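The listed protein sequences correspond, in order, to chains A and B.
Per the working numbering, residue -13 is the first one in the first sequence, and the count goes up by one each step.
Per the working numbering, residue 2 is the first one in the second sequence, and the count goes up by one each step.
These are computed hints drawn from the structure, not numbers from a lab.
All of these numbers come straight from a predicted model, not from anything done at the bench.
A portion of the hints provided could be inaccurate.
To be verified - One-sided and incomplete, this derived list gives chain B residues near chain A with beta-carbon spacing under 7 Å: (1) Leu60; (2) Met65; (3) Leu91; (4) Gly100; (5) Ala102; (6) Ala106.
What the hints assert, rightly or not - Here are the computed distance ranges between Cβ atoms for each label pair: (7) A:Pro21 - B:Leu131: 45 to 51 Å; (8) A:Ala30 - B:Thr44: 35 to 41 Å; (9) B:Ala134 - A:Val103: 36 to 42 Å; (10) A:Ala30 - B:Thr8: 20 to 26 Å; (11) A:Ala107 - B:Val89: 23 to 29 Å; (12) B:Trp83 - A:Gly64: 35 to 41 Å; (13) B:Gly92 - A:Ala106: 24 to 30 Å.
Unchecked claim - Footprint (simulated), chain B over chain A, 3 or more residues, beta carbon under 8 Å: (14) 3 to 15; (15) 19 to 28; (16) 84 to 91.
For glycine and all other residues, C-beta sits at the position ideal for the given N, C-alpha and C.
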Amino acid sequence: MAEDAADEASEPSESDPFLAWMLASFHTTTLLVAPLLGLYAVDALGSLLQGVHTATGLGLYLALWGLTFWTNRRWLAGTRLDGWGAVVPGATWGAVTGVGFLFVLVAAVGVIVGEPVLVAALALVGAPVAALVGVVVGAGFAVLDLLVVTAGRRLGTA
Amino acid sequence: MVPLTATHLFVRWLHLLAMGVALGGSVLAWGVSRVADAADPETRLAVARAYEVTFWGALGVLVMTGVGNLGALAPAIPRNRWGVAFLVKLGLLLVVLIGSAVRTATVRAASDAATPATTTLQRGYALTTLALAAVVALAAVMAHG
Chain A
-13 MAEDAADEAS EPSESDPFLA WMLASFHTTT LLVAPLLGLY AVDALGSLLQ GVHTATGLGL
47 YLALWGLTFW TNRRWLAGTR LDGWGAVVPG ATWGAVTGVG FLFVLVAAVG VIVGEPVLVA
107 ALALVGAPVA ALVGVVVGAG FAVLDLLVVT AGRRLGTA
Chain B
2 MVPLTATHLF VRWLHLLAMG VALGGSVLAW GVSRVADAAD PETRLAVARA YEVTFWGALG
62 VLVMTGVGNL GALAPAIPRN RWGVAFLVKL GLLLVVLIGS AVRTATVRAA SDAATPATTT
122 LQRGYALTTL ALAAVVALAA VMAHG
């Protein structure tokens, strides 16, 4: 029975919104808290937050959270979280998250500033950078998630 | 400092509510894991799974509204003693986030296991309760210290 459970645990988790919800929330919160620490330490946080309206900030955060939930579900649908093979798909979906969030960001800028040429230029120039950042962050989180899930498997069985 | 608006007050209210849910829920999950019949791991795991879903929602809202609260202070976000409490709070929050990810993964694995490690979960909820109580204490220092 325990072997069956172990086999099931290594199957792709297509129907596991529980894990996707945890990972998406974990990624989103960590993505915000860690840079906050750094920005405050170098005294750059106040000037950055001053330029963001509260409602806009909340909206962007919710967009990132929702987008991360969707990409995590897609990642988990095709990945066995039991080895390093999960890292490359994690990096790929990280790139999707990065580019997707950039588009949300430039759409918000477009609504606020109302300059379609500027928005198009931002999207064009920013997309490769966002994809690269997403690859790095996605790979990093995939490694962290593997460690977390492996630790959970060891701790969860008496 | 920008004067407080209805939006800022709503964000603060949501922030406190989210912490109430996260901390209150961990106390409940800890209590249930202590008093539930050892022969009935299903009850413990059902409460644990429900808490984990709620916890991550509450943590997401806490971080979101926490940044909103900082925005209300910008650009003159305090430093010195307030800043030390803030940095310690954020550092502790990162520890809570990573520890909670492991705790949730443990609940998920325990749900599939023939012999779930309920004692480990009980310790996990005790640690979560203590860590979140410490975060609240740091928040009190920042608000009134």
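*20 to 26 Å as the expected CB spacing between Thr8 of chain B and Ala30 of chain A, which holds or is violated*: holds, 24 Å
*Does Leu91 of chain B pass the interface check with chain A, least Cβ-Cβ distance below 7 Å?*
At about 5 Å, which falls below the 7 Å cut-off, the nearest Cβ of chain A leaves the hint on Leu91 of chain B intact, so it holds.
*asked:* Tell me if the interface restraint on Ala102 of chain B is satisfied: Cβ within less than 7 Å of some Cβ in chain A.
replied: OK, holds: Ala102 of chain B within 7 Å of chain A, min 5 Å.
*Check, residue by residue, whether the stretch 19 to 28 of chain A contains three or more positions whose beta-carbon lies closer than 8 Å to a beta-carbon of chain B, and give the verdict.*
holds (count 6)
*Note whether the CB distance of Trp83 of chain B and Gly64 of chain A lies within 35 to 41 Å or breaks it.*
Hint violated: Cβ distance 46 Å, outside 35 to 41 Å.
*Interface hint compliance - Leu60 of chain B to chain A, C-beta minimum distance less than 7 Å*: holds, 6 Å
_Range agreement (Cβ of Ala106 of chain A with Cβ of Gly92 of chain B, hint 24 to 30 Å)_ = This hint is violated: roughly 41 Å between Cβ atoms.
*Does the Cβ-Cβ separation between Ala134 of chain B and Val103 of chain A fall within 36 to 42 Å?*
violated, 52 Å
*Can you let me know if the beta-carbon spacing of Ala30 of chain A and Thr44 of chain B is within 35 to 41 Å?*
violated, 49 Å
_Quick check: does the Cβ-Cβ distance between Pro21 of chain A and Leu131 of chain B fall within 45 to 51 Å?_
Given about 27 Å between the Cβ atoms, the range is violated.
*Taking the closest Cβ pair, is Ala106 of chain B under 7 Å from chain A?*
Since chain A brings a Cβ to about 2 Å from Ala106 of chain B, closer than 7 Å, the hint holds.
*asked:* At least three residues with a C-beta closer than 8 Å to a C-beta of chain B: is that true for the stretch 3 to 15 of chain A?
replied: holds (count 9)
Violated hints for the displayed structure, listed by number in ascending order: 4, 7, 8, 9, 11, 12, 13 and 16.
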